[in-house]
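Just so you know, the protein sequences line up as chains G and E, in that order.
Each residue of the first sequence is one higher than the last, beginning at 1 in the working numbering.
Each residue of the second sequence is one higher than the last, beginning at 1 in the working numbering.
For the record, the hints were derived by calculation from the structure and aren't laboratory data.
Some chain G residues judged to face chain E by a derived CB distance under 8 Å, without partners named: (1) Asn27; (2) Ala32; (3) Val60; (4) Val67; (5) Ile68; (6) Gly75; (7) Asn225; (8) Phe237; (9) Trp242.
Predicted model, so just to flag it, every value in this text is computed and none were measured.
The beta-carbon is built from N, C-alpha and C at its ideal position, and this holds for glycine as well.
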Amino acid sequence: MNSFTTNIQLVYIVAAACFVVGLHLMNSPATARRGNQVSTAGMAIAVVATLILLIHAGSVTATGWTVIIVGALLGSVAGLYSARRVQMTAMPQLVSMFNAVGGGAAALVAVYGYMHDESSGAGVLGTTTVTTVLDVIIGSVTFTGSLVAAGKLQGTITGQPVIFRGGRVLNAALAVIAVGTAIFMFTTASQPALLIVILASLAFGVMMVLPIGGADMPVVISLLNAFTGTAVAMAGFVITNWALIVAGALVGASGGILTKLMADAMNRSLANIIIGGFGTGDSALPVAAAADAQIRSIAADDVAIQLAYASKVIIVPGYGLAAAQAQHGVAELAQVLESRGIEVSYAIHPVAGRMPGHMNVLLAEANVPYPLLREMEEVNPEFPRADVALVIGANDVTNPAARRPGTAISGMPILDVDQAKSIIVIKRSMASGYAGIDNELYVNAKTSMYFADAKKALAEMTAAVKTLVA
Amino acid sequence: MSTALVTDLTIFVLALLVGIEVIGKVPATLHTPLMSAANSIHGIVLAGALLIGVTAHSVVGYILAFIAAFFAAANVAGGYAVTGRMLKMFRRRAETGPVKGAESEGARP
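Work the whole structure out from these sequences, hints included.
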């Protein structure tokens, strides 16, 4: 390593340090924006250092310059355009697309490295190939897996688990082909073998995500995020670039932690989610609903009386709230209540949205101050003190059946909504949630059901409260 | 195993541990921006994509460099932009109207 490349590596370390500091500043919403700026600065430093390296190398052809600059500019435009236009409800799709392109780019770096090495006659043996094939396999799986996940979230591909006979056998076969061919590459440099590895991995990515249901997407996105990070780190090994190694490891850690949090929040193992569970009919035994149980429905005026004379209200939002685009409606109702001196907070289950923390972003967009957004462990002890718990579009995460063994959701951490003094549930129908079981909360003697679309229901309730207190 | 590889592995393992330590402290409220920020960070693969240019002298090389640069740049630019956009929405207090804490002021007639 000559002094020039050493200096460049040092600059890369500065960039990597910026990434770490940037992530560290995300430990509080107050400093998070600065964190993002520090991280952006690190990225700018790394890109400039790379351009200097390219100029210094002096071997980039005119076509080479054109290709990378035009490619990077077009990519930036596409990225910025989607970042500006994306709706917050569609955030998981966008993150999934970024996972796809990141994983794809990492795989391409390794593919090029491999082909270039081979054509220069140096051969590709031993350790370089381990990271090369890992990069190609993980990057390719991430690429197609993330595209399928984005398609499912967008609704282009059905959100239902896609299951067919022999699917698992096919998955296993693809994995064996990819890994087997990769091992063959350790001994014999071969471009056709590389092509087989790529194709098998791409197919595996599709087959891995297709059988997974929409409700499990928070786990899948986190996992693919971890994969992308790992692929980028492997690309760093391939081209001996410390910035890529550090950045990839950081993302791998982040994705890994979030995957575990999400899986824990659903009380399911990763293997169980990947192999298929909810909605596939192999775990959900419908609980015999108490047929004599009384469902009580309530009118807007009665809701208004309960809310207006409460001293503490806890709102429990679920993805149904976002699906009905009712975030602003709930924020407005909450403001009316707060103006009467009522203490309002939001109880957010970790899997309330379609990706980790999704519900918080949706409510932040609706101008809900973040100190009111409470995590499950923090808010659960407060339910017994709440006069009203208002459940909007949340189902399985409020089902007390999770506390008993023998149901499809047994052991899943839930919000203790049933501890509140009174419970109001806004719901369009009595249809069951993803777990396919009846929610015992709805037949609780303290529960009143308000059957309507969430947006409409909240508008009616807000109007009723305003009329009442006027 | 070469010294270079050992160095790389050391960096990888230590970075992984730092990542676990730092990211474990991020509150659930910020998990979506965190994932988005992590997303933009892995856009560093752009450096790798640009470096293809150093040795690319064939059509296949140019095509790979183009696609890789396009993908990685979309990742970087879009990732940082959308993370910033999200974080801007997180406010301690609502922009208009009374907020939590207003009840103690008791200014209502």
